[in-house]
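Please construct the entire structure, taking both the sequences and the accompanying hints into account.
Listed here are the chains, written in short residue letters.
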Amino acid sequence: MMNLAPLVEVRDLHKRYPLGGGLFGRARAWVHAVEGVSLAIRAGETLGLVGESGCGKSTLGRLMLRLLEPTAGDVRFDGRSLLALSPRELRAMRRQMQIIFQDPYGSLNPRMRVAGIVGEGLAIHRVGTRRERRARVAELLELVGLPPDAGKRYPHEFSGGQRQRIGIARALAVGPRFIVADEAVSALDVSIQAQILNLLQDLQRRLGLTLLFIAHDLRVVEHVSDRVAIMYLGRIVECGPREEIYRNPRHPYTRTLLSAVPVPDPRRRKQRMTLGGDVPSPVSPPPGCAFHPRCGHALEVCRRETPPLETGRGGHAVACHVFPAEGVSTADG
Amino acid sequence: MTAGAPVEPAAARPLLEVGDLRTVFALEEGVVRAVDGVSLALERGRVLGLVGESGCGKTMTALSLMRLVPPPGRIVGGHVRLEGCDLLRLPEREMRAVRGAGLAMIFQEPMTSLNPVFTVGSQIAEAIRLHRRVGRRAAWSRAVELLDEVGIPEPERRARDYPHRLSGGMRQRVMIAIAISCEPRVLIADEPTTALDVTIQAEILDLLRTLRERHGMAVVLITHDLGVVAEQADEVAIMYAGRIVEHASVLDIFERPLHPYTQALLRSMPGLGGERRSRLEAIPGQVPDLLHLPSGCHFRDRCPKAIDRCAAEDPPLEEKARGHAAACIRV
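Taken in sequence, the protein lines are chains A and B.
Residue 280 in my numbering sits at position 280 of the first sequence, with consecutive numbering throughout.
Residue 1257 in my numbering sits at position 257 of the second sequence, with consecutive numbering throughout.
For the record, the hints were derived by calculation from the structure and aren't laboratory data.
All values derive from a computational prediction rather than experimental measurement.
Wrong hints could be hidden among the right ones.
[To be verified] Every beta carbon over 10 angstroms from chain B, so not counted as near; a handful from chain A, in silico: (1) E9; (2) H14; (3) A72; (4) D78; (5) R94; (6) I124; (7) V127; (8) D189; (9) E222.
[Stated by the list, open to error] Facing chain A, according to a computed beta carbon distance under 10 angstroms, are these residues of chain B, among others: (10) R1081; (11) T1119; (12) A1202; (13) V1287.
Backbone N, C-alpha and C define an ideal beta-carbon position, used for all residues, glycine too.
Laid out in structure tokens, this is it:
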């Protein structure tokens, strides 16, 4: 059963990076990586976070774990602000939150044996005796479907899918409640991707995990998510239950994204909506709605005012002046 | 039934015809048969989707067609006939003329194929001047025309830009401009949109389709994305461990797949609008290691239908239904 209380919550979160200026000079410009995001993930659910490269989705994931410091706003885990924690409290909290990366090879130390990699978190957090840790590592390797002798081998001896299993075992080692999976299956072949998606779903059910699933592949996100958030240039433009987002998308960007996904059915070759132009740079995002320069429906108000993310019927939230969530009045009344 | 690709009508000779192509890499650890007896045929204006997982030999097949196999790889057998002429028998000097005007290729990562210290206009102009006797100025204005044709806004200004000034999608458009600059008969596109965002991918695929219709090129579209194949291809060849295991029209592949690998591949893919929480049917095991392949059918150790005989013989690619070939003794 899903608990309705949020396990992870961010409020009006901002992350800006200075550009240029050097160490002591004044920054000449700012990269607006995350711009005023408020989002809650309920205990036990999978929230899919979708967007194109540079939209800020990975930054948002890292902010949620306080692997990055926000410029403004708050991150709360289980009701406590992560920003108010002392370094020592934060370290203790880290056992509850883990991350799985896209490139399992780049994120595994090539000189360590797999048992050492998987058990590193246990050793850092001084969990149990050495013997208990060894038993826990063996248990974890089995849990993620690796052969028992895997612990004695090195990462390069494994295929991409197996390396992702190692990354998952490492993340699970300290018994987290919340996992950020950042493009965790994007680099894998489709047959192996299916294995890892199944594994993540099984583990989530068995261990009651809460997942933030960051991906650019809309088909994969639809498969794994309970709710989905769509991000564009640092902001959430639409968020809601999976069926709502995929069957009844409101925001023109969401609709364009969905129409761009090639459907594996040769009888359904569709007329696509294409955008024209590239994703604008987050260095100087357009004023008003950041999507308006590429939007076919933009009104005058879209150029002036940033539309707030407003929640309508069925928990479906949209940030759009022209197509607000159902049950929310339009900008011009 | 004859072995090989679906049989074409005898009247029309296919534009591109590949027979029993073999490319090997002799490594210290053993011999890798990256391309292991591939046969294909492609008509003018058609799109062949070449599909498979990493390491299955898709790219090596393409590089073999171009005769650009990197050492220690070597083409050791077969033929590649373009309009009847066997490219594998041409002297290298003549082959150089074929690359560009006969066959052209675009790659997944456009940045690595563009020279960072030259403007994109000069790189397109250079490609034109390699193949045609035209002056500098004419080549430059043709380059600007091509940038316009591939949908780059303000082509005169963009021609003077360096590659790093362009986004990934724009760079891929420049690569396409270079590839079509000499009006090739066959365009080989190797994962042309894999590195791009989905909205940009859609635009590049639309562009490839427009260009194909305008110039009547045939396209070999190499991809691992079955969605892209369903949308773009007329026919599909599925590769596994260096061999083509199934070849049919795009409708037959998606609606009547015959080979157990094709069937499993289709089932392992999450579909848009599909039922959630239904588990995906993953293919057990790992993507094959070409140095340690099982005897007989290379897929048998992951195949639910495998029997003892699958270990004993190499299944030939043979026509199982009209225009539908598969390499499986269980079909």
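Given as non-interface: H14/A, which should sit over 10 angstroms from chain B by C-beta: At roughly 24 angstroms from the nearest Cβ of chain B, H14/A sits farther out than 10 angstroms, so the non-interface label holds.
Agreement of hint A1202/B with chain A interface, Cβ distance less than 10 angstroms: holds (4 angstroms)
Non-interface label on D78/A, tested against every C-beta of chain B at 10 angstroms: Its Cβ never comes within 10 angstroms of chain B, the nearest being 26 angstroms, so this holds.
Just checking, E9/A versus chain B, shortest CB gap more than 10 angstroms? Holds: least Cβ distance 25 angstroms, greater than 10 angstroms.
Agreement of hint R1081/B with chain A interface, Cβ distance less than 10 angstroms: violated (28 angstroms)
The output says R94/A does not contact chain B. Does that hold with a beta carbon cutoff of 10 angstroms? holds (30 angstroms)
Beyond 10 angstroms from every Cβ of chain B: is that where the Cβ of V127/A lies? Holds, since 31 angstroms exceeds 10 angstroms.
Would you check whether T1119/B satisfies its interface hint, that is, whether its CB is within less than 10 angstroms of any CB in chain A? T1119/B check fails; min Cβ-Cβ to chain A is 19 angstroms, beyond 10 angstroms.
Compute the least Cβ-Cβ separation between E222/A and chain B, then decide whether it is above 10 angstroms. Violated, since 6 angstroms does not exceed 10 angstroms.
Status of the stated non-contact between I124/A and chain B (beta carbon gap over 10 angstroms): holds (31 angstroms)
Can we trust that D189/A is non-interface, i.e. its beta-carbon lies farther than 10 angstroms from all of chain B? For D189/A, whose nearest Cβ neighbour in chain B is about 4 angstroms away, the distance does not exceed 10 angstroms, so it is violated.
Find the nearest Cβ of chain B to the Cβ of A72/A and say whether that gap is larger than 10 angstroms. Its Cβ never comes within 10 angstroms of chain B, the nearest being 28 angstroms, so this holds.
Consistency with the previously given hints fails for numbers 8, 9, 10 and 11, ordered from lowest to highest.
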